Amino acid sequence: MSSLIDFPSVVLDKVLNELDLFSVLTLRKVSHGLRSFIDDSTLQRNSKNSIFPPKIRLEINEEFILLELGSKTIQYEKHQCQVLWKKESEDWSRGKSKMFEEENFEELFLKDFAIILKRNNSRRLECFELGIQDIDSKIDIFSSEFKAKEVILKVSEPDQVLKFLPFFDAGTLEKLVLMAAERQEQEDEKDDKEKFNLRGIEELPQWKQAKNIEVQGLNVAPKIENFLHFSTVKVYFESVAYQEVMLLKEKFATSSTLTRFEILFDYITDDEQLNTVLGESFKELDDGLHGQERWFFRIPNSQEIGELVITTMGSIVFSRVSRDSVPGGAVVRD
Amino acid sequence: MSVEPEVPIVQVEEVRENPVLYKIISSDNHVFTISEHAVKLSKTLWDLITNLGLTAENALDNPIPVENVNGKNMETIVQFCERHKYDEEEPEYTNYIREFVLPEWDRQLLSIDNEELFQLILATNYLDIQKLMDYCCRVIGDMAKDKTPEELRIIYGIPTDAEDDALERSASDSPGPSG
Chain A
362 MSSLIDFPSV VLDKVLNELD LFSVLTLRKV SHGLRSFIDD STLQRNSKNS IFPPKIRLEI
422 NEEFILLELG SKTIQYEKHQ CQVLWKKESE DWSRGKSKMF EEENFEELFL KDFAIILKRN
482 NSRRLECFEL GIQDIDSKID IFSSEFKAKE VILKVSEPDQ VLKFLPFFDA GTLEKLVLMA
542 AERQEQEDEK DDKEKFNLRG IEELPQWKQA KNIEVQGLNV APKIENFLHF STVKVYFESV
602 AYQEVMLLKE KFATSSTLTR FEILFDYITD DEQLNTVLGE SFKELDDGLH GQERWFFRIP
662 NSQEIGELVI TTMGSIVFSR VSRDSVPGGA VVRD
Chain B
601 MSVEPEVPIV QVEEVRENPV LYKIISSDNH VFTISEHAVK LSKTLWDLIT NLGLTAENAL
661 DNPIPVENVN GKNMETIVQF CERHKYDEEE PEYTNYIREF VLPEWDRQLL SIDNEELFQL
721 ILATNYLDIQ KLMDYCCRVI GDMAKDKTPE ELRIIYGIPT DAEDDALERS ASDSPGPSG
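Quick note, the sequences are listed as chains A and B, same order.
So the first sequence is numbered by the working numbering: it starts at 362 and just counts up by one.
So the second sequence is numbered by the working numbering: it starts at 601 and just counts up by one.
Some clues are possibly wrong.
Unchecked claim - List of simulated lysine-lysine pairs, DSS-like, C-alpha gap at most 30 Å:
# : chain 1 : residue 1 : chain 2 : residue 2
1 : A       : K479      : B       : K745
2 : B       : K747      : A       : K479
3 : A       : K439      : B       : K747
4 : A       : K472      : B       : K745
Treat the hints as calculated values from the structure; they're not laboratory data.
None of the values given here were measured: they were computed from a predicted structure.
Next up, chain B with everything else stripped away, as it sits in the complex (with noise of 0.2 Å):
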């Protein structure tokens, strides 16, 4: 017996006898295809899908574009939501001394850039998954750990108050629309 626990019975079955699949296109026109239960996770392309009236027989003739969010960022999307389609609805943290662990696969998943990850998670704002938001945030927010802030403006790209400033000189000081 070497049936491999990766990929639950389950999932196999429902896939084969309920293969509904969705063509995306990606602002710089990649194509992906994507499950139905992957697809929910994010709640601007369920809506959108739903708005849309497709079903088994017309998804793949209509692929969706999403003129936001570019291919590189579009394939981690889609491979998380694969990843997460059968998860189960998270208990609720009652108790606020629990740490949450972020799984291993997920941590290499968004093992990216900076500039890359603060791309992923306007992608994932605009696309609504709560759960790779979740995510994303916190492998930022663990990125701040014992830092100190000069470290945090480099790390997020923060600007210094005097360069704020001048931004701010230069944009009073350029003509408005009127002028």
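Same shape as in the complex, but just chain A (with noise of 0.2 Å):
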């Protein structure tokens, strides 16, 4: 019976170098001696077929590291070093599973992370999701930067943003997405959330140079003039004051970067001065429930217009629209 380990070491190394990565961190899998010829291996990177997925999901927690390689899964878990993987579209009990009880379940991972680099030499790729619980944790997986395009961060607090970002390129960083991490334990519903402060963070070049940003479940200072030089902005504010919101239209209709700014919000304050501010609204009400109000507003120098959609559902929405999309009977401020 003929088999891959009887291969000369060089035909062995040419078919690594048709595997796709994840096929690859597969048959690390299968023995000892594959592993450490695969993990001994050049792997060049620019073999022909060495087809390197899009985008890179890290999740690292006490318990388990979740690797997912485009639409494959990896799970690396500490209880008897247990790895399982899956495809994008099943769930993890229809996936496979394999024991490794006399490894380190860190370690194998590190150890896969490192044919990743392997793989892709230039580390560029569109997108790098990480979400490291432990600031401390000593799973060093950033030897060099990587030049994603956008950098998710699953954050609990600004120290890990301040210990993490700066590992990616921002010369490359096109979209800045920071989210609340999932807590591990349910918190009992406490409703004030914990202040997130961006001081520190606004300092970075990859928040600076960075042309979209989305803050998604961090409660951070409800003041928009932190992201007036991106040129899109998703942002959630527990609370908006009318004020902030009016300097905003002024700051959105004189921006040359903002083409459009939405905020999220629980409320807003004294938001019975915006009709008096912004005049009467043109109302849209679809089925009575969810409506929306919508202002249209001149924006110097442009042939376009500025529009502002607050909606019942708690979004305020500054967008630049063309002309011919305002409705009839909507007026054009100044």
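Please dock the two separately framed chains into a single complex, following the hints provided.
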């Protein structure tokens, strides 16, 4: 019976280069011999077929490490050093697993990750989603910076951003997403979310140079001035003062960079003032429950019209629209 | 007009004008003839031919014995080389996103069981045929898609760690050359 392991190492090397990344990681788990061969192999970067998945998602916590590559997911569990993997559409119960009782799940992951880095020397990719719960985690994956166009950081405190964001090349980064990490233990539904201070983060070149920003589920200070240099903004504010909305309207009309600014809010303080200051809105009530109010305003030196939409669902959206899309009967104000 | 575009005219003329053929004998004594352009795809064979000083005149009288390759593999190899003898040099793949697709003809040719395919790879490695090697490795690589480690172990004929250890033990238990 012939076997892959009877191949001369040059041939085996060639085969490895024909395998997609996920298959290499699977093959690593077949036997010790293959594992050490793969770890020592060169895995040329530009082999014809080593298509690198556009997105990596990585979650690291004390109990498990989750690694998602394109449509495939591997989970390394601390318990019995079990490794599970599945395709996008499957749930875990349908996935496959294997135990490596004599190994350490973190080391197993790190070796797989080293393969990934070998396969993508350039460290370029479309999107890197990272959630590392323990800021002092000893799992060091950043031997050099990644060049990702989009970076999604799942965090619970600003220090995590300060620690991990600098590992992404500021020149490549276009879109930055900061999300609240899912909490392990259900905290007794505390309504007052801890404040998430952007100070320090604002000083990072990644923050300064990114074009698009999304902040989800983190209680950042409702100051729009922190976001005015971006092109598109989507941010959650627990409460917004109506003065901030007015300030944003003014800044939006004169900004050379902003094209869209979306605020998700729980409430607007003194919102009755809005109608006084903005004038009567153009109302559309679709089903009587979720309505929206729209205002249109001129943008100096531009053919485009500024549009402000406030919905009863709790969102404020400033965007630029063409003059044609302003509904008849709507007033375009200054 | 029903000219078959399958075979370029150039090829027909060239073969007619320059019908240099070589004879190869496989390990199990099957004899194959292969054209000069085709045999050049095998670096090993072409080096051998050059070193032996074979020419158009004496080529057919001097069959080349290849003891590492059996008739079955040699047949596949000769077919492959004849098929690809006029291929242009493939451009370097600069864009790593681009996926290389194995041509249907070659996929058919390589639709053989794993045992045979593994033998063919070893033969291809010995004869140093770059393109066939790439294609074989591709077929082997494709087998791994969406498999689990256990499935891969079976497909690739890899012993378990326990089997490996047992093998090593029996090897070290068996008397060495001096014992």
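Structure-based check of all given hints:
As the CA atoms of K479(A) and K745(B) are separated by approximately 20 Å, the hinted pair is consistent with the 30 Å bound. Our distance criterion of 30 Å between C-alpha atoms is met by K747(B) and K479(A), whose separation comes to about 22 Å. For the proposed pair K439(A) and K747(B), the alpha carbon gap of about 23 Å is at most 30 Å, so the pair holds. Only pairs whose Cα atoms come within 30 Å are accepted, and K472(A) paired with K745(B) is accepted, the gap being roughly 21 Å.
Of the hints listed earlier, there is not a single one the structure fails to meet.
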